[in-house]
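Student: Sequence:
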Amino acid sequence: MPHSAQDTNKAARLACGCLLQVVDAVLTGKCRNGVALTRPPGHHSDKDTVSGFCIFNNAAVAARYAMQRYGLKRILIFDWDVHHGNGTQEIFYDSNS
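Mapping of the sequence shown onto UniProt numbering: position 78 corresponds to residue 78, and the numbering continues sequentially without gaps.
Hint data in this document are derived by calculation from the structure and do not stem from the laboratory.
Honestly, I wouldn't trust all of these hints.
[To be verified] Derived DEER-like restraints, expressed as beta-carbon distance ranges:
no., residue 1, residue 2, range
1, 96, 8, 30 to 38 Å
2, 7, 32, 33 to 41 Å
3, 93, 6, 29 to 37 Å
4, 7, 28, 28 to 36 Å
5, 67, 32, 17 to 25 Å
6, 5, 96, 33 to 41 Å
7, 5, 78, 26 to 34 Å
8, 36, 83, 17 to 25 Å
9, 70, 4, 19 to 27 Å
10, 94, 5, 28 to 36 Å
11, 94, 26, 23 to 31 Å
None of the values given here were measured: they were computed from a predicted structure.
Even for Gly, the Cβ is constructed at its ideal location relative to N, Cα and C.
Please work from the sequences and hints to get the whole structure.
Tutor: And the structure:
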């Protein structure tokens with residue numbers, strides 16, 4: 001099956017939405033914890049740049065969503081990829097959250 005930009009965009013949006021559903025499920029008490037194993041990855045994309053095969057920075061989107069929707073003050077993003085999560089760093093660089 002040939003790769004298409006339309007398919008990539010759809011996959012990226014579904015991955016991001018999946019993670020937001022996990023955030024909702026955990027923070028509303030539907031479940032005690034959750035994991036979203038999604039592709040494409042996200043830690044290289046920053047606020048306005050697609051980079052390193054990353055379309056949306058899913059972890060950053062989920063963190064900001066949790067803070068805005070549920071009033072969380074601080075979030076820990078644990079990125080164990082072999083490459084530096086430069087997009088995530090850029091997004092939160094000036095934040096104390």
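Student: Are there hints from earlier that the structure breaks, and if so, what are their numbers?
Tutor: 9
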